[in-house]
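> We have chain A already, so just place chain B on it with the hints.
Residue numbers (the numbering used here), protein chains in the order written: chain A, 4 to 112; chain B, 249 to 614.
These are calculated hints, taken from the structure and not from any lab test.
Possibly wrong hints are sitting among the right ones.
To be verified - Here are a few chain B residues that sit away from chain A, every Cβ distance over 10 Å (derived from the structure):
#1 S377
#2 D408
#3 D462
#4 G463
To be verified - Take a look, some chain A residues computed to stay more than 12 Å from chain B by CB distance:
#5 V27
#6 V67
#7 L102
To be verified - Computed spacing ranges between beta-carbons, pair by pair:
#8 G42(A) <-> K558(B): 22 to 30 Å
#9 A70(A) <-> K558(B): 32 to 40 Å
#10 E73(A) <-> K319(B): 51 to 59 Å
#11 A527(B) <-> A81(A): 32 to 40 Å
Beta carbons are placed, not taken as given, at the ideal position from N, Cα and C, and that holds for glycine.
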Amino acid sequence: MRVAGDEATFGITWHAQDALGEVVFFEPPTVGSRVEADGSYGSLESVKAVSDVIAPLAGMVTAVNEAVVESPELVNEAPYDAGWLIRVKLDDVAAVESLLDAAAYQATL
Amino acid sequence: MAPKPRTTPLHDRHVELGARMVDFAGWEMPVYYVGINEEHRAVRARAGLFDVSHMGQFEITGTGAEGLLHKALASDIDRLEEGQAQYSFLLNAKGGIIDDLIVYRLPNKVWLLVVNAGNSAIDLAHLKSFKHRAATITDLSDATAMIALQGPVAMELLADIWPKKTAGPATGKPFTIVERVVAGVPSRVAYTGYTGESGVEIMCAADRAGDLWDGILARREHGVVPSGLGARDTLRLEKGYPLHGHDITAKITPIEASLGRFVHLGREFMGSAVLDRQAAKGVKRRLVGLKVVDRAIPREGYPILSGGEKIGAITSGTLSPSIDRGIGLGYVPEMFAKSGMVLQVDIRGRLRDAEVVKLPFYKKEN
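Bound conformation, chain B alone:
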């Protein structure tokens, strides 16, 4: 039997709000409160509030912290100044993605990694396997909650609950992090997210998460709605952001996943030899975005074809609420990974034309 799913400090609030709860990566999480489409549209038009406390958080400290991260992360952390963040990967020796994450450089030589909930234990074991001297890894996952406020009015709302004597929340740049007391709760406010909208991810002590959540929802006049993992998934897919365990796995490298721009090639780190070789010689398969021409939804596992031959498979897909079309990510041989190329997806026995498109699927019009 599967172990009982874990719950976040906000669990009772989700239930009170009438959320449909599901098991996600071993956590009982809200998939939606009212409906996925409605929450998706609220985030694109106004703001959504997400409980993402299931995500793992590790602090790396000590004089060896940087040295450990140089070996373990595929990105160029030397480019980060204090208060800046970067999308990165933990790779295995074959260059496969153990996890994707965001690394934050905090003041006083403290580094923070925010990782996928389902990979947290594997990541921790992997980081410890380097046996790096003078680097201390602290798992903050249980002690810390994380709430994402995402959408065009996020900054306006945040300004209402922001300390008066500091520069307003809207002055923060993407991929930075500051410490602030928000709605009376000491927090780390990161200008990051998984929706493609302006917004923040706020981390605080687990026992203060309720105060922070309530403090934000007390500002309902801005049009903020509690939003579940369902909308989080459709929002990230429209932006072409990969989901680990589906679009990227320990058997897929960042180069194959069309994420090479986040990798610091030419430096030595775990898995770098494979990436260097792939960057020079090319890869057999590559992640592409596919937009289905008819109204039909490509889903994980559905075959991708060209000329009647199976050439790959969908790794995640949905009906895009913003463009009202079936969209999906999947892997195809490099020769087919060109935008404008028309391939087919076998959607339950029917071949549907699908166009290879440049990611993201959705861009804000303005």
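Isolated chain A (complex conformation):
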């Protein structure tokens, strides 16, 4: 997740895409819908499995990455960059502080 002002970009980690394997579908939420913290906002599907994508924080969906809908493999190729999934206007920007950064996440693996 990246945050700029009160807008956050959600995606999945390199580890998550690696565990999932080649992503072949992204089923996104609709722009304007709400996502809840720890709630599913869509699904990513690989050849072998379906996986819900979970929102780290609550807010309203402001954009869906149509490039990933068209070319789901972007999630594998660049999970932190071109493979982002949705943009969300956060309810509470301060809640960002409670989340793990990449280094802390790595330490939990």
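Below, chain B without anything else, positioned relative to chain A:
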């Protein structure tokens, strides 16, 4: 806790090649090395090399061997000459499929059965339960490895590592088996497979499997790539081949599974009474192939509907790499089992139209 998965003689090679290993039927096996789609496409366009050493192998010998197989197998083994093979089934008394397998008739009254890894122990116990006199069942599974080389360039590659004084590998016909020294390794070469491509399944002593594997991969110039069980699954699904434990089970008969053509009706074998009755009177449900109209993947367990009513369920499905559409196998009442019929699959809460199609889903264009 689940017991530690078993490993094949090629395990270290898979790990060295960077394979993603998974537990499959109690075996730690490569699901892919680079990616399922890439390996799938390599097999359709060039060749893939698969470790299928987890599969069970039994040799049946002795003067009673044929008699035992007449009782235990649902196919017509009398049609086999030495060196020929056939797709077959072990059935229970209700006609349910205990396992599907390939039976090979070898020279000198030796019969070879190649069965699914996960059913191997059940199959062996079932075969022994006939208590057939003068038939000896030898489990070769641990002593033997099996490597599948599949794809349009398989024969060309094989010719490079084939004994010079024998007819070339391309002269072998589908569903036959020969003994050859391949890449210096004494082997049984079977012209069978689970991908729908031209190719072979090569069986050799477990301690020579590495030499055979390396001997084939040394011919990378042909474009052969190590391929995992993931691609094996998508390849077989495109061809509509059923997978035991999913599309066929001990509660489903070959007639229901639309596999009646492999069964020798009118002869007596374990389960034959049920099959005879079903062939005459019809069945309540039948396996069909479904092609989803939208880009969505039907998966095992997803409900199949017609007119808003649930009429069946998907038993396996995937996104077909060759036709780029969601495909699946599933059971529906016979009245819906007609190609062209449009049904719906409930894909995580959304009803998606899916057309009943003739199998296979994928045929080579030429």
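> Hint by hint, which ones does this structure get wrong, listed from lowest number up?
5, 11
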